[in-house]
Structures are given as structure tokens and as C-alpha cells.
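A.B. asks: Listed here are the chains, written in short residue letters.
There are 2 protein chains.
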Amino acid sequence: MDTVYDVLGIGNAMVDVLAKVGEGFLSERHLQKGGMTLLDAATAGKIYEDIDPEREVSGGSAANTVAGLASLGADCAFIGKVHDDSLGQNFRRDIGAAGIDFFTKPLLEGPSTGRSIVLVTPDAERSMFTYLGAAQCLSAEDIDEEIIKVSKYIFVEGYLWEHADSREAVLKACALAHKHHRKTAFTLSDYHLAQRFRSELTEFIKNEVDVLFANEREILSLFDTTDFMSALDSIKPMVEIAALTREAKGSVVVNGRVKIFVEAEKVENVTDSTGAGDLYAAGFLYGMTEERSLGTCAMIGSIAASEIISHYGARPEVSLRGFVRNRLLQYGKKA
Amino acid sequence: MDTVYDVLGIGNAMVDVLAKVGEGFLSERHLQKGGMTLLDAATAGKIYEDIDPEREVSGGSAANTVAGLASLGADCAFIGKVHDDSLGQNFRRDIGAAGIDFFTKPLLEGPSTGRSIVLVTPDAERSMFTYLGAAQCLSAEDIDEEIIKVSKYIFVEGYLWEHADSREAVLKACALAHKHHRKTAFTLSDYHLAQRFRSELTEFIKNEVDVLFANEREILSLFDTTDFMSALDSIKPMVEIAALTREAKGSVVVNGRVKIFVEAEKVENVTDSTGAGDLYAAGFLYGMTEERSLGTCAMIGSIAASEIISHYGARPEVSLRGFVRNRLLQYGKKA
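Note that the protein sequences, when read in sequence, are chains A and B.
Going by our numbering, the first sequence opens with residue 80, and the numbers climb by one from there.
Going by our numbering, the second sequence opens with residue 80, and the numbers climb by one from there.
Treat the hints loosely; a few may be bogus.
Which copy is meant is left open, so a pair is good if it fits within one copy or across any two.
Claimed, not checked - Straight line, CA to CA, 30 Å or less: simulated DSSO-like cross-link-like pairs of lysine-lysine:
#1 K228 <-> K412
#2 K345 <-> K184
#3 K412 <-> K285
#4 K125 <-> K184
#5 K258 <-> K413
#6 K285 <-> K328
#7 K251 <-> K412
Simulated from the structure, these hints should not be mistaken for laboratory data.
Construct the complete structure from the given sequences, taking the supplied hints into account.
C.D. replies: What follows is the structure, encoded as C-alpha cells:
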């Protein structure tokens, strides 16, 4: 059967809220400076009330990836859970405006839409506070076989592994994808997660994942090693393709007997690295759906990531299609 | 204009003569044991008279490459010089039987057909004695614009750089190829040569070569370094593609911002490594003409080389097309 979608993303539906705060804001509330802290509803609500949001942009790892894919010209759908509140409606509007089909029923009661509150202190440091909210209510019921059946790839974010219900959703989605001879792509998302669920994730990746995305820290954590080359050898027999990002050191694609090292794009001013991995995956998968060589897939991934980190927010601010085409032509590749 | 040939090979037309000799044969004649020695006509004739050839097989680096390509299913032609003597007629018959068009006019007088005499002593060591003969009479006159015009790639062996006349032939062939928007491939052939003609060859490669083949020792010699990674960086801006072989360490393809490392094929018994580089080039170029990814081109090169080193002689003894197809399928690649 023919496909309708190039990629179906499945992940946490989140809104990123960016606000500048004074130096005392964090300490007064006993909030950790730097890094990422998971919050409960009450604390998240309290912080959200006290800040003056500079911008609210739809985010979420897999959602960012399909937004990137759509900007590149791919046909995409998304499965993820919002509440039917104001943030949830924003999320739905943004993802629709990006041209992505989004059918998942919103919550009408219970937790509000998930958000990542990013507080920027005067010293320019970013502290992230995440309340998953409605997102963690994603369950196997939300996985629609009819959509998976018509999608070339499903792309699943590792953050979903955190909760039992969303883990069920992941397993159901992968089983259905393979039942219909579709490919599964998975991103490790977080090195803590790779550490905590090491043996389960290893089994899952070996059995269910065709294309794995991870950054260097995540793949090292998965194999409990500090030796990147040995991690490459460990992942090789487990998946068809592993695409591993290494920031300024570029990326490495492992595909059976072939290892491909691709240089990083040079970016003059890195403004906000949020979403770099999500957009690398977007570019890479776009290349895959266009049947480009794996080296070119990795180049497209790096180019897409370079656009995202040049501004705040994890959704593209230009047409990635044109952006990538121009860069590929500079490198003497057909666009 | 459409092409007729996938690859036109240009090189020394040689016949490989293999003979077993006693331990005293070399010392009695003051011949160097091991390695390769260039001979004059008289000495070559003398040795040839004194041995009992076990087999005579057509060889020559670029000729081996087009023979490999033909066995893979590519359409090929060859330009190289033989004498119209018995060895020359053998060469012509072999290359014709392989399905390769060979139009170059033979010498009717002057030096006899070139040969590499390989003497195997009872200790299994191989000593090679090369008499270029007619091969070194190749000149610009033998380069036919009409053939180059209809060939996707020309493939030139570095050994031709040795003599002024054949060097002229190389430069004419490359200029004509680019005039007709064809691609040029070149193999360094020999590390001594890379050393002796370092600056000339560097200029030539930069200006005229699209695809460069070399083994590790040759590329290190070209850049006068012992650091392979720095040699990769040096060759990167000079050519579109460099395909570098490293024996058991596999091969590396450099293509702009992308470096591809491909594992070597495992070969149970290496019988005779003659022709490994020639057949790697054959497999690689075959992949290029089929528009396979560069990683797959390198895999095909390694597979083709693994067939050659499993027996004596540098021409395939099975249909490489089937041999490569089966191996690719084992690796989960489409054949």
C-alpha cells in the first residue's frame, strides 16, 4: 500500500516558555540554576504565574523533528497529548500551521498542557524547568494503526520511555510499524534516561529500532563506556543505521560495515542549542525519504541543526528547504 | 551525447609470466630476490628463455581494472601498447574474450610486448622482474578523442607517468575527457613513483583528476608524511573523491566534508595479492557508474579485490557480477 506520510512523529507535546528573570528569582524559590529540573503541576503553575513570558513556542523533541521535516518539504503527522487549554491550543495551531496532521484527542480534564519553562538570568545562563502535564497521559489508545500503516517512518522520542503508559504506546507503535513493513526511528533523548533504563532500552533498540539517533553522551551512557569507537562497534549489530551527533566534531553514521564521518557545519554565533538534535534527525530522515546517500543525509541533518541553533527556539525560522538546498549547492552536491 | 563505454582504461599492456624456479636461479643471474626490478630487453629475454612458464596471463594495472569492470557487467574499452608478437596476441585475445574493446595499433617492429616475470622460489617468495617493452611506446597519438568522447570515465594508471611519451598521452586523455564533460580517475600505482614525481603529480591530481585511487603507502608518500589522517585532509580539497585502500584495515573514501571508513572483506587464504588495488578500483568505479552510494562503491571494491587475492593472477576467475551480488545480499544491501 502506498504511504501518505513520510514521517509520523510520536512524542511529548510541549510548549517552550522563555522568560528573563532577575538573579534572585531562582534562589527565592529554591530552584536549581542551570540544567533541567522536572516539576510538579503546582510548582510549574506557580512559576508560570510569576514570570512575564517573552515568548511561548511549541516544542517537544519529536514535534520539533516533524516541524523540521515539514519545513524541508516532507509530509508529516504527529501523535502526542495536549490539554484543550490555551497552551494546548497554541501547540495545535503551530503544528497545523507547519502543515503537519495532528489528530490526537486533547485532554478535557486532568493535567494541563506540558511546558518547558526556560528562565534566562542576567548572566545569560539558562535554567530549564519541565512540567510534562498532559504529555505523559499519552497511551497505547492514542496509537492509531491507520496512520502508522500509511507512514514510511515513525519517529519516536526516548523521553516517552519515562512513563509506563507512554512506553506501552511506543511498543505498540513499533510493533504496528513492523507489521506494516514500515521503518522505526528512535532518539535516545537523554543520557540519564539511557543510564536508568540501560538494559531495557538495549533490548528495545535491538528488537524494534531500525534507525537510532543519539548524541555522544547518550550513546556512551547506553553502553556504559567512555570510548566512543567501542560504542560504535557495540551499536553496529543492533540497528540498521545509527546516526550519532558530536557537536563541533560533526556526526558519525554507522551502517553495517561502513562508518561515515561528516564534519559539523560552522555556525558563527550559537544563540540557543535547544533543538539541535531534533533538527539533525529531521534533516537526516528527510535525506532518507529522498533516498540520498547516508553521508548526504548526515550533511542535511547538520545543516538543519545549524539553522536552529542560530536563533532562540527549536522550530525553524526560515524555509529549511531553501536553506538546505543553498548549502548543498555550495558543497557541490545536487540539491 | 550518450556514452558507449562506462570506463575507458589507459595503461601499460602487460603479460604476467609466472614460473617456479630453484633457489639458485636468482643468485646465479645476480637477480634481486623479492620486490620488483625493472629490466632491459636483453635480460628479460634471457630470463624468459631460461624458465618454464607455469602460466602466462594478461595483466597490467588499468587492463586488470577494466577486465574486472567487464566481469561486473560494465561496458569497457582499453588503450595500451603491445607488439604484434605472440605475447601481444595473447593480450589482445584475453582482453577481447573479456568483452573489452581494444583498438590501439600494435607495434610491428621495435620492443616486444611488455611482461612481468614472477619467479616463485621453493621458499614461496615472489620476485618480480618487469620489462615494459612495447607498453612504454604508448604516446599521445594513441589517444583517440572519439573513444574518450563516448566514455563516462577514463581510468589512467600512474605507471604511465614514468615515461615522457606516455605522460603526454595521459595529459592529452585528461584534457579531452574534461573537454567532453567526462570524469577522470587515476591510480597512483607505486609509492616510489609518488615520491619521485611528488610535485608534478600533486599539480596534475589537483588540476586533472576527479577520482583518485591509492593505497596507504602511496598516499603517505605523495604527501611525504607518516600520518594517514593528515594525508586525508591534504587530499580532500584536491579531488572530488579519493578512495584509499589499507589492506586488512579496509578502505577510506574522502568526499568533501564526508569521510567513509569501510571494513575489509575477510579472506581465508590470501594466495596472491597481485591486482588487489586494480580490482578494488574496478568494483568502486562499477558502483559509481551504477550510482551507488560511496560506501557501497567501497564495499563492491573490497569484494572484487577479495576474489582476486584468493587465486594466482590479477584477472577474475569467476563472474564478479554474481560474486559481488551474493556478497552484497549477505550484507543486506540490494544487489
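A.B. asks: Now, for every hint given, state plainly whether the structure supports it.
C.D. replies: Hints, one by one, checked against the model:
1. K228 <-> K412: between (33 Å within a copy, 24 Å between copies)
2. K345 <-> K184: Cα proximity of K345 and K184: none, with 41 Å in one copy and 54 Å across.
3. K412 <-> K285: Between. Shortest inter-copy distance 19 Å satisfies the 30 Å Cα cut-off; intra-copy 34 Å does not.
4. K125 <-> K184: Within one copy only: 27 Å inside, 91 Å across.
5. K258 <-> K413: Between copies only: 22 Å across, 35 Å inside.
6. K285 <-> K328: Both: 27 Å inside a chain and 27 Å across chains, each within 30 Å.
7. K251 <-> K412: Classified as between: cross-chain Cα gap 28 Å, same-chain 39 Å, threshold 30 Å.
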